[in-house]
Every structure is written in structure tokens, then in C-alpha cells.
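**Q** Here is what each chain is made of, one letter per residue.
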Amino acid sequence: MKSILVAVSMLSLTLGALAQDTSRGGAAQAQPLQTSEPTPQAGYTFLPESSRPQPGRVHTTYALRSTDGNRPLGLKSPMALSTIGPLVATTHEAETPQSLGCIYVANPSSAGCIPNYNPGSGGPSAAGYGAIALVDAYDNPNAGSDLAAFDSYWGLLPATFVKLYANGNGSCTTPPADPGWSVESSMDIEYAHVFAPSAAIILVEACSSSWTDLLYAEQVAFNYIVSNYPAGGQVSNSWQGGEFAGQVADDSFFADFNYNWADNYATPILAFASAGDGGYGVGYPSTNPWVISAGGTSILRNSTTLKLSSEACWGGSGGGTSTVETFTTSWSGGNTGPWANFGFPIFGQASRNTPDLSFDADPASGAWVYSGYGMGGWGVVGGTSLSSPALASIVNRLGNKLGSVYLTPATGGFDWFSTLENNYLYSQLATAKAYKANFYDVKTGSNGVKAVASWDYCTGVGSPRGGLGK
Amino acid sequence: MQSRTVFGKVATAAFILMFSALVHAQSAWDFPDFSATQVLESRKADMSLKVYRSGTSVRIDRSPALSTLYIPAEKEVYNLTTYPDRSHQCVAMKPEQAKMLPSPLELLEGPELKRTDAGTETVEGHPCRIEDVTVTRLDGKKIESRVWRAQDLQGVPVKIESHVGEFTLTAVYRDIKLGSPDPGLFTIPEKCTPFEKMGQVVEQKIIK
Numbered sequence: 001m002k003s004i005l006v007a008v009s010m011l012s013l014t015l016g017a018l019a020q021d022t023s024r025g026g027a028a029q030a031q032p033l034q035t036s037e038p039t040p041q042a043g044y045t046f047l048p049e050s051s052r053p054q055p056g057r058v059h060t061t062y063a064l065r066s067t068d069g070n071r072p073l074g075l076k077s078p079m080a081l082s083t084i085g086p087l088v089a090t091t092h093e094a095e096t097p098q099s100l101g102c103i104y105v106a107n108p109s110s111a112g113c114i115p116n117y118n119p120g121s122g123g124p125s126a127a128g129y130g131a132i133a134l135v136d137a138y139d140n141p142n143a144g145s146d147l148a149a150f151d152s153y154w155g156l157l158p159a160t161f162v163k164l165y166a167n168g169n170g171s172c173t174t175p176p177a178d179p180g181w182s183v184e185s186s187m188d189i190e191y192a193h194v195f196a197p198s199a200a201i202i203l204v205e206a207c208s209s210s211w212t213d214l215l216y217a218e219q220v221a222f223n224y225i226v227s228n229y230p231a232g233g234q235v236s237n238s239w240q241g242g243e244f245a246g247q248v249a250d251d252s253f254f255a256d257f258n259y260n261w262a263d264n265y266a267t268p269i270l271a272f273a274s275a276g277d278g279g280y281g282v283g284y285p286s287t288n289p290w291v292i293s294a295g296g297t298s299i300l301r302n303s304t305t306l307k308l309s310s311e312a313c314w315g316g317s318g319g320g321t322s323t324v325e326t327f328t329t330s331w332s333g334g335n336t337g338p339w340a341n342f343g344f345p346i347f348g349q350a351s352r353n354t355p356d357l358s359f360d361a362d363p364a365s366g367a368w369v370y371s372g373y374g375m376g377g378w379g380v381v382g383g384t385s386l387s388s389p390a391l392a393s394i395v396n397r398l399g400n401k402l403g404s405v406y407l408t409p410a411t412g413g414f415d416w417f418s419t420l421e422n423n424y425l426y427s428q429l430a431t432a433k434a435y436k437a438n439f440y441d442v443k444t445g446s447n448g449v450k451a452v453a454s455w456d457y458c459t460g461v462g463s464p465r466g467g468l469g470k
Numbered sequence: 001m002q003s004r005t006v007f008g009k010v011a012t013a014a015f016i017l018m019f020s021a022l023v024h025a026q027s028a029w030d031f032p033d034f035s036a037t038q039v040l041e042s043r044k045a046d047m048s049l050k051v052y053r054s055g056t057s058v059r060i061d062r063s064p065a066l067s068t069l070y071i072p073a074e075k076e077v078y079n080l081t082t083y084p085d086r087s088h089q090c091v092a093m094k095p096e097q098a099k100m101l102p103s104p105l106e107l108l109e110g111p112e113l114k115r116t117d118a119g120t121e122t123v124e125g126h127p128c129r130i131e132d133v134t135v136t137r138l139d140g141k142k143i144e145s146r147v148w149r150a151q152d153l154q155g156v157p158v159k160i161e162s163h164v165g166e167f168t169l170t171a172v173y174r175d176i177k178l179g180s181p182d183p184g185l186f187t188i189p190e191k192c193t194p195f196e197k198m199g200q201v202v203e204q205k206i207i208k
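Just so you know, the sequences run in chain order D and Z.
1 is the number of the first residue of the first sequence in our numbering; add one for each residue after it.
1 is the number of the first residue of the second sequence in our numbering; add one for each residue after it.
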């Protein structure tokens, strides 16, 4: 039954990609989606124009939960999905900071982690260090006030928020505002804050969605953390474009080469990237071997009690094998850089496979996001755009300070990775006990390739559970 | 009489050694210009980068898209980036802002340099003279290194071991080519963004 529901959900999203976003003057009128098997459980999704792949630019990786397939209007407050659509009984519900915190960092069996939509229902306890940078395109003029509204409604802990324009490359003075990307950046900063309330939230806005501007913004993000947060942190990228031949040369933009010789410390920074929302298939920078590729799951609940029942592969989750990033083409070739001692056979000494780790991304079980400029209020948003900042935040919460390059005083030597984070994830697959305790092994559903025990092309090693193994 | 002769020989040898050390003290490097593949050794896996030295300047190609240019004479460091659309970007920074993993070659430069002979050894197939070096950096920090200079390659370093705090950074240099690198590799673009202007903070607050 579950697999049927997931399959329908996947079909719904696929068809959702056909919907047209008219918010930016597009001529095509949005059409309500129809699935071959309409079910209230699957509901509808709406793919904004910013999430539609186009040559020469990157795109966001989110989709909106819609009651009719059209762009949903912002709501005044979060509530159960069944109260805002034609849904009677559902195995999916909109998730909240409280319910996601319960599933991923507390105890998923705790009263079923049923979403509580009341104001002040809270989220994970205080934790986190350094900063989490979110790299996005265009300006979100309400980003700071969105985070304030989000925190205020749920009663979350205070946040240190910084917004900066990545405009030093001369592409713009002020990035133009964009509603589609504003939903993206609102979700990014809100869910980066949820799991690591003590980490500073840094929104880095690129002048446009061109590769040049986004890759420049990536450098700005890394440098800002290095210069201002010696403890380091994470950089999350909820966007992607297609793979291209020269991308290997750009891999190092996502790596952490810093070392402060004057003060004798390295600032550990780890990059995350969405695996994509188009089902089986890959994109960049998700396949960059320096980054943690964030895949997507679907949270399934008991239709009567709404207690958590299981987590399945989300049909839209990206994942696959890179045709560009291989052991011999990456970096200087061979066992160096991100590939150093990449022991897990799936990665091994072959091609980069994605994703690495996963998190809720199904728009049907999407999370409540507040975006004043993007949606005019609250909306339910999914896609691996949710996975990337949330996983970056969870890793931050756990105090993981694995950057890309570090020096080890214990050995007096010198080590490389980014892969160490991935090696750390993958190394636990062989240790059944640790794996079972630290991860949820997603074995159901398909993104074109069925999820199976251990690693798979939809969810990687699975999704986090508790505070270990990340 | 014999003991006096032995004493005299020892004293003479000691004098020569001291004199030799004094000659090196405070003296700048006399490396010829060269290019090489720098292999940073690590506990897990080595890492190769292309390096170029021209005069006292050092260029490191971290990837075909990202290079760093150290120009000690100007007390400046430049990051040169090439993007997928072939556009270029230059960021200029002071050495203290260049918080990035350097080349040990670059760590050999500073306003104050003290070099001392430390014997001979064959490394990477090259007969080498070893020098112990103490560099006082612009910020006053001292970095101690040991340099193996190939006698058959006009004294080009084939190995450098730098001690910074509790860390040791070791690099060996292979595929060494003597001669001046393409001057274009050391040409600084006319327009470089100052490091502190890479981004512009437009909002900063505590949200309660």
C-alpha cells in the first residue's frame, strides 16, 4: 500500500513539472494537475519557474505543496493539510520544526512525532557552532523578517542572521529580487536554523542564477566563514544545473583550502548540495566529490493517528552516477583530494554516485515555510532544497567539524578530505549495529531505481537518526 | 704537539662551519626560476599541484579554474579564478587575509631569513644540500623549515619540510623544469576586487 502511495506521489510530482509558473509573466496558464489515479493522499505539487531546468543557469530544487496544482497562495498560519485541501485521510502531513526534530534528532518513536501546528510548538533544543551559509541566487528582500516570523510562530531560539550580496565580481550592485528564489532562500535559512539554533545563519545572494555568479557566491560564502567564524561550519547549496565537461576544474570552489598560518588553525567548512528533484539522474554541484549530496525521502504516517509509520524514497529525489566525476578525472587524478582513501565500494575508485545522505523532501510531506516575498505567507515546501540545509544543520548540531582540508596534531601530519565526512557515513554501513542506530535505512519506494537495503540511488546511506554517525 | 695540531684542525673546522653558517644568515634565496609538480605528503594520500617560481613570486594552480599568486615583493596575494563561461575574476588580499593552505615554497619567504647548512642527502634521485631555515613572516611569526636543494638542478628545492606550530607540512617537487615560467602566469589583472569587498553585508542582526 505504502509503495503504491509513494508511486502515485512520484507520478504527481512528475506531472507537476509540467505546470507553468505564471508569476513572472509567463504566457501559459497554470493547469490543474491530474494523475491517472487521483488520490487525496498524493495531493498535488507545483513546480515554480525557478525550479525548471534551463541551459546556462542553475535552478532551485524545491516544489510547493498545492491543493489544486496551481501556485498556492500564502496562508496566514500553518495548519494540517487536511484542513486546507480536498484531503480526507492522509498518510502525508505537512511537517514542522517540532515533528522533524522529533524524527531526525530526538526519538522517532516518541508519540509518533505527530506534527503540532500550534504557535510555540518549538523545535530541537539549543545546539550548533560557527555558521551555516546558504548560497542562493537573487535577492530575497524579506529574508530577515521571514526568519523572524518563522522563529516567532514556532517559538524557536534566537538566530544570528547575516545577509550579504555576492556582488564583488561586478555582476550587479544589488541582486534583483525574485519571488521564486525567495521561497528557496526563506526555506534555506529557516531550516538551517531549526536544527542548529546556535549557528549563525549567513544568506549569500548571488547576482543571478548563472554558473559564474553562483560559483563566485560560493567563494564569498567560504571566505566569509573563514574570516568571521573560526569554528567553521557548513555551506548549503539548494540548487543545481546539468553536469558539464569542465566541472572538475570547479570542484575546488566547494572545497576548503584554508589554513591560517598566523594563528595556526584551520577553519573546517563542509559543503552540501541538493541531489535534485527530477528522479533518477544527476546534476552539479551534487556530484562534486567534495560535497555531501542531499537526497530526498517521503515521511509516511498512519492515516488515522498520524503517527510516524516509515520513511520511503521520494520519487523525485535525484541520484545516479556522474559521467564526469570519476576517480581518474577528479582533482589531479587518482587517490588524492576528495577521493583520498575513498574506501566504500560504491564510490570506490570508479565514478561519483549520489546521493550520500537524505532527508524529507516529498512536497506531500513537505515542511511549513514562511516566505513573505515568495509566497505572501506560509506554504508547504518540499524538494531536496529542504534536504540540503536541514542536513547541513543536523551535521552542525552534532558538532561535526570535518572540513575539506585539515591538519592533524595527533600525527603531526597532514590530512585531506571532505571525503572524510562521506567516508565516515559510508564506513558505518559495514558496521551493522552502528548503522542501525545512527541511520534509518530507507528500503521502500523508487525514484526510477528502487530503494534497497544499505546504500541506494535515492537516499544514499539513508536518513539521520539520533545524534551519532554524522 | 700532536694534540695541539688536532686542536688546531678542530678549531679551523669549527671556524669554517661557523663562517659558512654566518654567510647564509640573513641571505635571500638564490633559487633559479622553475616550474614543478608539488606533491604535498599526507597521512592518508598525497596531493599534487602545479607550482611556478619566478624571482620571489610563487604561483600555485589549485585547479585549472583556481590559482593563487604570492607576490612577496608587493606584500600581496591574488586569487585568480576562471569560470565556466571563460570569464575571469581576480581577488587581491594581504598575506594575513590569505587564509589558505599555502605552498611550502611560499613559506620560505619573509622579511627576515636565516639559513644554516645541515648536511647532504640524496632525495628523489638528486644529490642535495640540506639547509635549515628560520623565516620571520610579515606578522612576526617564525616558521622553521628544512630545505633539500638539488645540486644537479642549480639548487632548486626538491623537498621542503615546514614546521608550523605542532604541524609539519612536507612537500616534494617533481617534474622540475628550470627556466622562467610564462610571464603571463605572473601578470596581475588590471582590475582586482579587494578581499574585503568580495561581498557586501547588507543586513546583520540577532533575531529574537
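Derived from the structure by calculation, the hints contain no laboratory data.
Be aware that one or more of the hints could be misleading.
Stated by the list, open to error - As a list, the in silico DSSO-like pairs of lysine-lysine whose alpha-carbon atoms are at most 30 Å apart: (1) Lys-50/Z to Lys-76/D; (2) Lys-50/Z to Lys-177/Z; (3) Lys-205/Z to Lys-177/Z; (4) Lys-197/Z to Lys-94/Z; (5) Lys-208/Z to Lys-177/Z; (6) Lys-94/Z to Lys-76/D.
**Q** Against this structure, judge whether each hint is valid.
**A** Status of each hint after checking the structure:
1. Lys-50/Z to Lys-76/D: Given that 30 Å is the threshold and the Cα spacing comes to 57 Å, the pair is violated.
2. Lys-50/Z to Lys-177/Z: holds, 12 Å
3. Lys-205/Z to Lys-177/Z: violated, 53 Å
4. Lys-197/Z to Lys-94/Z: With Cα atoms ~13 Å apart, Lys-197/Z and Lys-94/Z stay inside 30 Å; holds.
5. Lys-208/Z to Lys-177/Z: Violated, at roughly 60 Å.
6. Lys-94/Z to Lys-76/D: violated, 50 Å
Violated hints, listed in ascending order, are 1, 3, 5, 6; each of the other numbered hints is respected by the structure.
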